[in-house]
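Chains A and B, in that order, give the protein sequences. Count along the first sequence starting at 1, add 1082, and that's the number in my numbering. Count along the second sequence starting at 1, add 1082, and that's the number in my numbering.
Quick caveat, the hints were computed from the structure, so don't treat them as lab data. Any given hint might turn out to be false.
Each pair may be met inside one copy or between any two copies, as identical chains are not told apart.
[Unchecked claim] Below, in silico cross-link-like pairs of lysine-lysine (PhoX-like), each with a Cα-Cα straight-line distance of 20 Å or less:
{"id": "1", "residue 1": "LYS1104", "residue 2": "LYS1092"}
{"id": "2", "residue 1": "LYS1104", "residue 2": "LYS1084"}
{"id": "3", "residue 1": "LYS1092", "residue 2": "LYS1122"}
{"id": "4", "residue 1": "LYS1104", "residue 2": "LYS1122"}
Note that the structure is a prediction, hence the values are computed from the model and not measured.
Number of protein chains: 2
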Amino acid sequence: MKVRVLVRLKPGIMDVQGAAVKRALAGLGFSEIAELRIGKVIDIELDEARSGEARTRVGEMCGQLLANPILEEYSMEIVTDLAPREVAG
Amino acid sequence: MKVRVLVRLKPGIMDVQGAAVKRALAGLGFSEIAELRIGKVIDIELDEARSGEARTRVGEMCGQLLANPILEEYSMEIVTDLAPREVAG
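Chain A on its own, in the form it takes in the complex (with noise of 0.2 Å):
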């Protein structure tokens, strides 16, 4: 089971990183750009099939490490078609 989280900060916190590459491709010639905000994507794969414990088990990541319940937001989704990973080394 393949879950993607996207943290985020909560709404009303200011993306510092954000606006700085908000400025920074304005000054490559982007002007057309009203927001931009940078948050962390976060891709699990479980050995987990059922989706909705896997739905709770990634909620408990989230809470004790994952987001900062301060600052951020999370979100989560079951996918099946993450491009395939593997890792070096």
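Here the structure of chain A is known, so what remains is to put chain B in place on it, guided by the hints.
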């Protein structure tokens, strides 16, 4: 037009951060993780109503700034349902 860009390390490139998080989660009792990789999600709101044009421009942004073509690969999704965001301050 809202575009979601996912920037990930290429398969085969060692993901040190992902390996550390996987190990930390195993230490918390989440031993069912077969693999975990971490990348970036970049949510862009563009002043551009045509999705083809938006795709082209965001592809240029990725090539010039958002992704490191040596280490990273990117994919993009045109979305109409990003959670509403507001910028602080």
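Consistency of the hints with the structure:
| no. | hint | in the structure |
| --- | --- | --- |
| 1 | LYS1104 with LYS1092 | within (18 Å within a copy, 24 Å between copies) |
| 2 | LYS1104 with LYS1084 | between (31 Å within a copy, 14 Å between copies) |
| 3 | LYS1092 with LYS1122 | both (13 Å within a copy, 16 Å between copies) |
| 4 | LYS1104 with LYS1122 | both (17 Å within a copy, 15 Å between copies) |
Checked against the numbered hints given earlier, this structure breaks none of them.
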